[in-house]
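Participant: Chain by chain, the residues:
There are 2 protein chains.
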Amino acid sequence: MSSLEIKTSTNIYHVYVDVKLRHKLPSFLEKEYSNVLIITDSHVEKLFLDDVIHSFGTTTKVSYAVVPAGESSKSIENYFNLMTSAIENGLDRHSLIVALGGGMVGDLAGFVAATYMRGIDYVQVPTTILAHDSSVGGKVAINHPEGKNLIGNFYPPQAVVYDVETLNSLPEKEVRSGYAEIVKHGLISDEAFFNQVMEQNILSTFNPQILKKHLIKGISVKANIVETDEKEGNIRKYLNLGHTLGHALEAELGYGKITHGEAVALGMLFALQVSEKVYGVTLPYDTLYNWLSKNNYPLHLSRVDKYVLLNRMKKDKKSRDLKVQMVLLKAIGQSTIEQLDDEQLIQFLENFFRELVKG
Amino acid sequence: MSSLEIKTSTNIYHVYVDVKLRHKLPSFLEKEYSNVLIITDSHVEKLFLDDVIHSFGTTTKVSYAVVPAGESSKSIENYFNLMTSAIENGLDRHSLIVALGGGMVGDLAGFVAATYMRGIDYVQVPTTILAHDSSVGGKVAINHPEGKNLIGNFYPPQAVVYDVETLNSLPEKEVRSGYAEIVKHGLISDEAFFNQVMEQNILSTFNPQILKKHLIKGISVKANIVETDEKEGNIRKYLNLGHTLGHALEAELGYGKITHGEAVALGMLFALQVSEKVYGVTLPYDTLYNWLSKNNYPLHLSRVDKYVLLNRMKKDKKSRDLKVQMVLLKAIGQSTIEQLDDEQLIQFLENFFRELVKG
Chain A
1 MSSLEIKTST
11 NIYHVYVDVK
21 LRHKLPSFLE
31 KEYSNVLIIT
41 DSHVEKLFLD
51 DVIHSFGTTT
61 KVSYAVVPAG
71 ESSKSIENYF
81 NLMTSAIENG
91 LDRHSLIVAL
101 GGGMVGDLAG
111 FVAATYMRGI
121 DYVQVPTTIL
131 AHDSSVGGKV
141 AINHPEGKNL
151 IGNFYPPQAV
161 VYDVETLNSL
171 PEKEVRSGYA
181 EIVKHGLISD
191 EAFFNQVMEQ
201 NILSTFNPQI
211 LKKHLIKGIS
221 VKANIVETDE
231 KEGNIRKYLN
241 LGHTLGHALE
251 AELGYGKITH
261 GEAVALGMLF
271 ALQVSEKVYG
281 VTLPYDTLYN
291 WLSKNNYPLH
301 LSRVDKYVLL
311 NRMKKDKKSR
321 DLKVQMVLLK
331 AIGQSTIEQL
341 DDEQLIQFLE
351 NFFRELVKG
Chain B
1 MSSLEIKTST
11 NIYHVYVDVK
21 LRHKLPSFLE
31 KEYSNVLIIT
41 DSHVEKLFLD
51 DVIHSFGTTT
61 KVSYAVVPAG
71 ESSKSIENYF
81 NLMTSAIENG
91 LDRHSLIVAL
101 GGGMVGDLAG
111 FVAATYMRGI
121 DYVQVPTTIL
131 AHDSSVGGKV
141 AINHPEGKNL
151 IGNFYPPQAV
161 VYDVETLNSL
171 PEKEVRSGYA
181 EIVKHGLISD
191 EAFFNQVMEQ
201 NILSTFNPQI
211 LKKHLIKGIS
221 VKANIVETDE
231 KEGNIRKYLN
241 LGHTLGHALE
251 AELGYGKITH
261 GEAVALGMLF
271 ALQVSEKVYG
281 VTLPYDTLYN
291 WLSKNNYPLH
301 LSRVDKYVLL
311 NRMKKDKKSR
321 DLKVQMVLLK
331 AIGQSTIEQL
341 DDEQLIQFLE
351 NFFRELVKG
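Protein chains in written order, with UniProt numbering: chain A, 1 to 359; chain B, 1 to 359.
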């Protein structure tokens with residue numbers, strides 16, 4: 001059993017990573033709970049809900065609530081309905097919420113837990129690779145029609161219980177989406193780790209031991225940053241590598257057309273190219289490009305207007321005074337934050353997309 | 001200028017109490033804010049909104065949002081609409097929300113601030129006596145149709161700016177409602193303070209200096225308890241004196257029929273009587289009864305079914321395993337928590353209402 005300890009300003013919790021953990025969830029909890037509400041989505045429900053229910057045995061009252069799969073479920077309506085479920089199922093301040101699913105479920109169920117009776121315990125049970133990122137760090141939120149994650153809290157879970165076996169069933173694009181964040185954790189922290197990932201074909205050989213190793217390393221990078229900077233001062237912003245363009249692409253192409261990680265992958269390529277130009281350094285642009293290509297990341301986009309992208313990039317929660325801030329690299333493991341002029345950015349975007357098309 | 005310092009687990013903030021403070025709000029803030037959203041209700045809007053807007057001068061962007069006066073405005077719909085206002089007015093993580101009004105506005109605007117972009121700064125500007133209680137302690141919430149304050153956070157403000165002059169315009173029942181919590185703060189902490197309040201006719205002589213003294217003392221009692229026990233362990237429960245029956249009466253008679261404080265006043269009388277019987281001590285039941293009577297608190301209720309009240313008391317957020325827990329007193333300043341049997345409680349309720357009717 002591998003476990004990592006994560007310190008926050010309000011608690012310490014553990015992340016457990018191994019196979020078959022969903023069958024023994026209560027053994028990872030430090031308290032006994034007499035009343036548990038499992039929140040999951042319509043996709044994960046069919047695969048793993050029964051396992052998690054049974055893990056609690058017969059002495060615990062276990063109820064569940066299912067929301068439709070997909071990012072649009074992070075709505076105020078579902079949030080309110082889940083509150084109603086919690087009340088109807090008699091949850092009190094000593095009860096537990098289980099977030100069983102990917103990042104969407106983790107964000108939504110975590111925000112319900114954060115605000116039900118001013119905050120009750122919850123545990124993250126991620127079922128995607130991407131959620132190795134979102135399940136650690138305590139960010140929980142729902143969406144507003146005007147923007148993603150605009151309504152939320154910082155609220156750490158009691159534990160993250162990561163059953164690697166549940167990742168077996170992921171479709172390829174979800175594997176790609178999750179691995180992009182693993183690559184990001186390599187780029188901002190550790191060249192050796194980045195190179196290890198670059199040697200791996202992530203589609204053909206699903207090896208739970210390698211995946212487990214990558215997940216643990218990715219989580220530990222994230223955890224280190226979050227421990228240093230829980231509430232998003234400067235250092236936590238490094239986690240945003242690839243996300244400024246990534247979010248803009250996601251929004252512009254339409255959520256669902258390209259996965260979060262696939263968009264971030266393009267954003268990281270862009271950040272590498274901009275970094276090389278701004279700092280006059282050499283970075284593994286080609287290595288990353290080839291790896292993305294080999295693993296079928298979408299690299300050739302239909303024409304995207306660069307002025308429209310620029311405006312999207314300005315809407316980022318992290319932008320100030322309407323200038324775009326990007327995370328760049330002076331070397332692998334040496335992140336920086338740069339504010340970029342509009343003209344400069346347009347030039348960079350033009351180069352980037354021209355070279356991609358050639359590539 | 002009188003000010004109190006309040007320490008929480010995440011920050012330190014000040015409570016300022018004096019006349020005319022609404023005209024110089026920015027001078028009590030430790031930061032400059034370029035974008036401010038004032039949230040108020042339809043009643044307070046007419047009286048004080050302009051003063052607060054003008055206090056920010058012309059260099060700050062100030063917008064406002066108004067909800068209907070009354071507890072029913074603490075709804076998920078208003079919460080969501082206020083989020084939309086915040087977005088439309090361009091608030092970012094460095095903006096400020098001003099909660100201008102009584103406890104309802106403080107709870108609602110505070111919860112918006114707590115969850116907008118995972119939490120931005122806010123300042124409480126209370127305009128009722130009752131809000132001396134709710135504006136300190138960091139509890140923010142909205143209501144669910146199934147119960148009050150079921151959705152919320154612990155989220156302290158950056159400051160509480162209490163302009164005593166705004167209390168001039170309060171109707172008598174609001175003065176009674178607020179003073180009940182001041183009396184409570186006396187009962188749970190300080191006999192001399194309790195006696196001072198009992199000497200005061202709160203309706204005929206509105207003296208801002210005496211009121212200011214009482215508010216500061218009440219806030220300091222609350223602040224001491226909240227500093228010791230931010231997240232409602234045992235000690236914070238003492239603040240619940242009079243509230244177990246109080247909440248049941250409010251809910252049973254219908255919100256708006258009796259004010260919160262008026263219901264709590266009856267609850268405190270009940271707690272004094274129960275305490276005398278359980279502990280065999282003598283407490284100032286008659287003193288409090290006479291003071292309440294002199295100040296026109298509603299003491300003679302139309303018939304209330306005691307079994308219905310008992311069931312309401314069991315629904316309290318603080319009840320466990322369906323037994324009623326009450327805050328009692330062994331002496332003034334010596335609070336305790338007792339779990340009471342249903343039969344015993346019914347007997348106590350019967351006695352209490354019989355004596356009230358005689359009184």
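In short, the hints are calculated from the structure, not lab data. Don't be surprised by glycine CBs; every beta carbon is placed ideally from N, CA and C. Fair warning: there could be bad hints in the mix.
Unchecked claim - Straight line, CA to CA, 25 Å or less: simulated SDA-like cross-link-like pairs of lysine to any residue:
no.	chain 1	residue 1	chain 2	residue 2
1	A	Lys314	B	Glu88
2	A	Lys231	B	Tyr279
3	B	Lys231	A	Asn89
4	B	Lys237	B	Tyr279
5	B	Lys61	A	Lys61
6	A	Lys148	B	Tyr64
7	A	Lys61	B	His144
8	A	Lys31	B	Lys323
Said to hold, decoys possible - Just so you have them, the derived chain A footprint on chain B, three or more residues with Cβ under 8 Å:
no.	segment
9	63–75
10	150–163
11	167–173
12	181–195
As the list claims (entries may be wrong) - Heads up, incomplete: computed chain B residues facing chain A, CB under 8 Å, no partners named:
no.	residue
13	Ile87
14	Gly90
15	Asp121
Participant: Could you run down the list of hints and mark each one as holding or not?
Facilitator: Here's how the hints hold up against the structure:
Taking the CA atoms of A/Lys314 and B/Glu88, the gap is near 16 Å; set against the 25 Å cutoff, the hint holds. Our distance criterion of 25 Å between C-alpha atoms is broken by A/Lys231 and B/Tyr279, whose separation comes to about 49 Å. About 24 Å separates the Cα atoms of B/Lys231 and A/Asn89, which keeps this hinted pair within 25 Å; it holds. A distance of roughly 19 Å separates the Cα atoms of B/Lys237 and B/Tyr279; the hinted pair therefore holds under the 25 Å criterion.
Distance hint between B/Lys61 and A/Lys61 is unfulfilled; the C-alpha atoms sit about 51 Å from each other, more than 25 Å. About 24 Å separates the Cα atoms of A/Lys148 and B/Tyr64, which keeps this hinted pair within 25 Å; it holds. Restraint check for A/Lys61 and B/His144: satisfied, since their Cα atoms lie roughly 23 Å apart, inside the 25 Å limit. At roughly 23 Å between alpha-carbon atoms, A/Lys31 and B/Lys323 fall within 25 Å of each other, so this suggested pair holds.
Three residues within the 8 Å Cβ limit are the bar, and the segment 63–75 of chain B against chain A gives 0, so the coverage statement is violated. Counting residues of the segment 150–163 of chain B whose C-beta sits closer than 8 Å to any C-beta of chain A gives 5, which meets the bar of three, so the coverage hint holds. Requiring three or more residues with a Cβ within less than 8 Å of a Cβ of chain A, the coverage given for the segment 167–173 of chain B is violated, as only 0 such residues are present. Restraint check on the segment 181–195 of chain B versus chain A: 0 residues with Cβ-Cβ distances below 8 Å, three needed, restraint violated.
Checking B/Ile87 against chain A: minimum C-beta separation of about 5 Å stays under 8 Å; hint holds. With a cut of 8 Å, the hint placing B/Gly90 at the interface with chain A is violated, because the nearest CB-to-CB distance is about 10 Å. Interface hint at B/Asp121: violated, since its Cβ lies 13 Å from the closest Cβ of chain A, which is beyond the 8 Å cut-off.
The structure fails hints 2, 5, 9, 11, 12, 14 and 15 (numbered hints given earlier, in ascending order).
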